[in-house]
Amino acid sequence: MAPFATSLDVRADFPLFDRGLAYLDSAATSQKPREVIEAMDSYYRCSNANVHRGVYKLAQEATDLFEGARERVARFAGSEAATTIFTRNATEAINLVAYAWGREHVGEGDEVLITQMEHHSNIVPWQMLCSERGATLRYLHVSDEGLLSLEELDEVLAEGRVKLVSVVHVSNVLGTVNPVAEIAARARAAGAVSVIDGSQAMPQMAVDVAEIGADFYAWTGHKALGPTGIGVLHGRRELLESMRPFLGGGDMIASVGFDSSTYNELPWKFEAGTSAIAEGVGLGAAIDYLDRIGMGTVRAHERDLTHYTLERLGEIDGLRTFGPGDLDVRGGVVSFEVDGIHPHDLAELCDREGVCIRSGHHCAQPLMRELGVPATARASFHVYNNHEDVDRLAEALKGAREVFGL
Amino acid sequence: MDELYRDYILDHYKRPRNFGTLEPHDLEAHDHNPLCGDELGVHIRVEDGKVAELRFHGQGCAISQASASIASEELIGMPVEQIGSLDADWVVDLLGISISPTRRKCALLSLKVTRGAATGDASWPE
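Just so you know, the sequences run in chain order A and B. Counting in the working numbering, the first sequence runs from 1 upward without gaps. Counting in the working numbering, the second sequence runs from 1 upward without gaps.
None of these hints come from the bench; they were simulated from the model. Among these hints, one or two may not hold up.
[Stated by the list, open to error] Covered by chain A, according to a simulated footprint, are these stretches of chain B (three or more residues, beta-carbon under 8 Å):
{"hint": "1", "segment": "34-45"}
{"hint": "2", "segment": "50-61"}
{"hint": "3", "segment": "113-125"}
For glycine and all other residues, C-beta sits at the position ideal for the given N, C-alpha and C.
Could you put together the complete structure from these sequences and hints?
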């Protein structure tokens, strides 16, 4: 697939761009189209009631909106409603697995296998689990090109101690698209459960969780044009059914006695307390919006922007980019550094030109150490970005070099 | 001229004064800014209750490095017991530029580690 310019021009759908910003930090959070904002506004104005309870029409309407969103989210991801659990975010989804599956199945002498390119949200829950259970946390290496090695995965699995493998689908720093279907298949063959962190993948490419075949797939709404406060965990039905609940409370029970309770069926068994109803409705609207554009078009658009960014940044003296050069295995993220200017100062000088980029460790401190840098600057894209945003970035970076006398 | 990246700030960033390590030293501390990963350590040699020699080391943005470099020139010769009473305004005034809330910790990191070395108080200066 060669890079090609798409004619996607949807910026007018996003009210925030009235501010005239070149927003290049969608890997942190995406902007929201008007219809997401309006769906949530309309929910509160016209349909607000608690779900799964009241017998009155309004409560049924709220339930239909919320559960309707779940069905569309499930279909969008290649899953089904019963195995699509709403959480607060991807972090909570991963913690759910670490708590409800990990504590029952990972014990002393066992291993949990992750990679050096994980976000803190896919590191810390496993560190906590391993330290509590006397297990060992191991890391697959990242090559200079930003890639994982399936051979190394096979070698570690062959040692026979790995109980769970958790890998990011698309790296938020390097942009690497990992071969998650291959990884899940090899984990299963070795008797290990697999978890995929799809926070950066679901927003920018067609993802079919059934096809990938992992046991768990976690992602978050706010990076996929939806609101904050809602994430998703897709799980394999047999595992979800055999697991204990995560949090206890209302909505997750079938009946409660003085001494014990029986639990609700899927997916509500894992959704204690009143859900983020408006956020669920908002995420449903975001999915509808992305569906209408088509995820193939979204991916092609981000690929084109990544290609153009690598080309424009290549013109700047002393600038080095990180991550795979092959666009087939790279998503819409470009991390970089400029000789003689700290990323923090780059971000500040870009901001003066209305260009929003991220600087820092991107919640991936182990990867930063592996790359041998304290921090990087990062530009990341979504459907509303265009070549002009990238041009503004390139000019701002050239200006930063002038300020620093380079 | 840029309001933040003034010539003297960039000069201290590119050619930081009193940077490196000091062996032996009497006081030391090391810390980082969790927001951006900037890190800074300090070694101090004390003579007659005063800072005889001082070296910062670490890596960070222009503001954090220039702040350490500029502060080092003031700290050498200062009675150690006076360091505990230095506050955020002391550093910000020394820098001579207006610091936005997002860059405040960059500017204060050098005082944080110096106070930590002198008094054991590792809190952010206010």
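Quick rundown of the hints versus the structure:
Against chain A, the segment 34-45 of chain B contributes 5 residues with a C-beta closer than 8 Å to a partner C-beta. That satisfies the three-residue criterion, and the hint holds. Counting residues of the segment 50-61 of chain B whose CB lies closer than 8 Å to any CB of chain A gives 3, which reaches the minimum of 3, so the coverage claim holds. As drawn, the segment 113-125 of chain B meets chain A at 0 residues by the rule of a beta-carbon pair under 8 Å; below three, the given contact is violated.
Hint 3 alone, counting from the list given before, is not met by this structure.
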